[in-house]
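Q: The chain contents come next:
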Amino acid sequence: MKKIDIVVGARPNYIKAFPVYEALNKTGNFDLRLINTGQHYDDNMSNIFFRQLGMKKPDVDLSVGSDSHAVQTAKIMIKIEKEFLRKKPDLLIVFGDVNSTIAAALTAAKLNIPIAHIEAGLRSFDRSMPEEVNRILTDQISTYLFTTSPEAEKNLLLEGKIKKQIYFVGNTMIDSLVKFEKLFNCSDLLIENKLIKKEYILVTLHRPSNVDNPSKLKDVANSLNMISEKTEIIWPIHPRTWGKLNQYKILLNERINITKPKGYLEFMGLQKNAKFIITDSGGVQEESTYFGIPCFTVRDNTERPITVNRGSNILVGSDFTKLFDVIIECGKKEKRRNLLPEKWDGASSERIASIIINNIL
Amino acid sequence: MKIVTIIGARPQFIKASALSRAFREHNKTSDQKIEEIIIHTGQHFDENMSEVFFTELEIPHPNYNLEIANLPHGAMTGRMLEAIEVVLKDEQPDYVLIYGDTNSTLAGALAASKLHIPIAHVEAGLRSFNMKMPEEINRILSDKISNLLFCPTEIAVINLKNEGIVSGVHNVGDVMFDVTLHYREQAKAKIELSKWNVTDGNYALCTIHRAENTDNLSRLQSIFDALREIAKELPVILPIHPRTRQLLKRLDKETWLKSINILEPLPFLEMLRLEMSAKVILTDSGGIQKEAYFHEVPCITLRDETEWVETVEMGWNKIVGADKEKILNAYQSYDIELNKKHQQSPYGNGNTANKILEILINEKN
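Residue numbers (my numbering), protein chains in the order written: chain A, 1 to 361; chain B, 1 to 365.
Label-pair distances were calculated between CB atoms; the ranges are: (1) A/Pro239 with B/His116: 22 to 30 Å; (2) A/Leu339 with B/Met314: 56 to 64 Å; (3) A/Lys332 with B/Ser128: 55 to 63 Å; (4) A/Lys3 with B/Glu212: 29 to 37 Å; (5) A/Glu192 with B/Ser167: 46 to 54 Å.
Derived by calculation from the structure, the hints in this document are not laboratory data. All of these numbers come straight from a predicted model, not from anything done at the bench. The beta-carbon is built from N, C-alpha and C at its ideal position, and this holds for glycine as well.
Please take these sequences and the hints and turn them into a complete structure.
A: Structural data, given as structure tokens:
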């Protein structure tokens, strides 16, 4: 039986990996092993996925924890190499663009273990993002590249990858959304905060450029305060960001409802029922596109342009002082056309499983 | 300007010394001083890297010695990454300078990239197109995250272009050309050929070290049959690693052992001295094929492929594998074909270190 190692490390990984694991497991063809690097250790960000989604517990937990990018990458490489040497997998599957992705891929490449990268070819063309470096490097050493959009394939071909390595399969994260959509529920949270469906704005911000620098954080707070005068806001906030707000005595309007970070099902409920979303996250751009909820992405670039070209995402730039005006301006325009990107249909993992059976192993 | 140089193997020390020399010369006359900090990862333990190596070749001692060796690739790269990051955070350089294609190269590039320190890669763009070689992975990934890519040849530039890398790419020539020119005079002045009982242009130099030759008895026998033929008319000098010498015992015990002058591995300058005055060089080493060209000595390559295609295209190198007849054919036909015409060198003009220095300064300003 061919052996496949599936490596996950951070919250966005779990959502993408779960349906792929299920699809491969269902075939009964493979000896699967799920390795969790433990890059995120916060309960809300990891264990909850295994509990809420009924996802199989990892077979191996490397428990590397948080550290600088280099040290975290290094620790994963050192620990995961022992696992690879012990099991000698026939294929490694990695996801997305976190440190676990590149660390596992690099280690496997040196051991001549073929690598499949799911969500390959995304490019923001902004090298200052550590995720961009992880993406570029992982794609270079991957043998099989599974893409979510035609643009991704173009990016890969421009970097010298060849057509027969690339499989356009759609988005496995959407598979999870389709599968669990019925369970998405934020009713209690809305009641608790006295919010009404479709009459609140969901805010998620986590990029260091937005939440670490006090003067930027002040801009964020000012603009959210203004926006909240029109529509109430709910902002699940990282404790670190909350600490910064307090430390610098930055005041928030009472129409901004602060909560702790939420579990997957509750957070998806919040997205699905929002009037619109303000975010700097990659995953939320895709999820909001699936829900057809307008999403204002407060960044200067996106590695997921299909969410803008076809979906409901609007790239508004990273200047929070202009955010209020931009949103008002968008409100005046005609309703945007929201199309679901091709193959974002809940069957991407099945496609991957059949490609692995027929073309790879 | 502060530069951190990251190296770990003997050839990298030799290449980096050319840059260090250029920095020193620059500092004598310029107000814009360059401070170079050298990190030695310890990747290759090499008995030839004794104190003599540093003093004789005027190679600067490393400022940091990380002593990371004897680990599998993943663990080695990982440990280097951790340790290099600590140094880079302390030193806060304007550039990280990396060389070639070892684990030290990649670990240095990754650590710098994560800290957003600009990376300059010397010997960028070389490709074997064999992803099973760990060096190929190191090359490709280091190039991907480097900001300045110093290519030794036009072909390297084209390789990068095919991978979508065009910005920051400079064809500066081969730094080994600088190194060869620099030490050539020294070798000539210090070392007499009479040491080996040979005269200028009247001997063949041979090196064999690759597993494909040493571990394959029929290939090894075939190579030595050819060497024995050559030795009938020309002294053959063969510096050889003790491990390879052991393997020779498996060959037929024939008189050729007397006709070939088998030596211990030679220090850098002695090897250079022998290379520059040989009539012909037979080798399976990558670097020596190119050095033969720098010295304008015809080369016969005892491998089935080469990464230095330019030397073949210009007629200075013949790829013959381990076949006795092909080796002898190549040897006999060189005199007719090659009249030492001067072509445009594909490896630059031996001024690579200064070109790199100039670009580093311009980019900084």
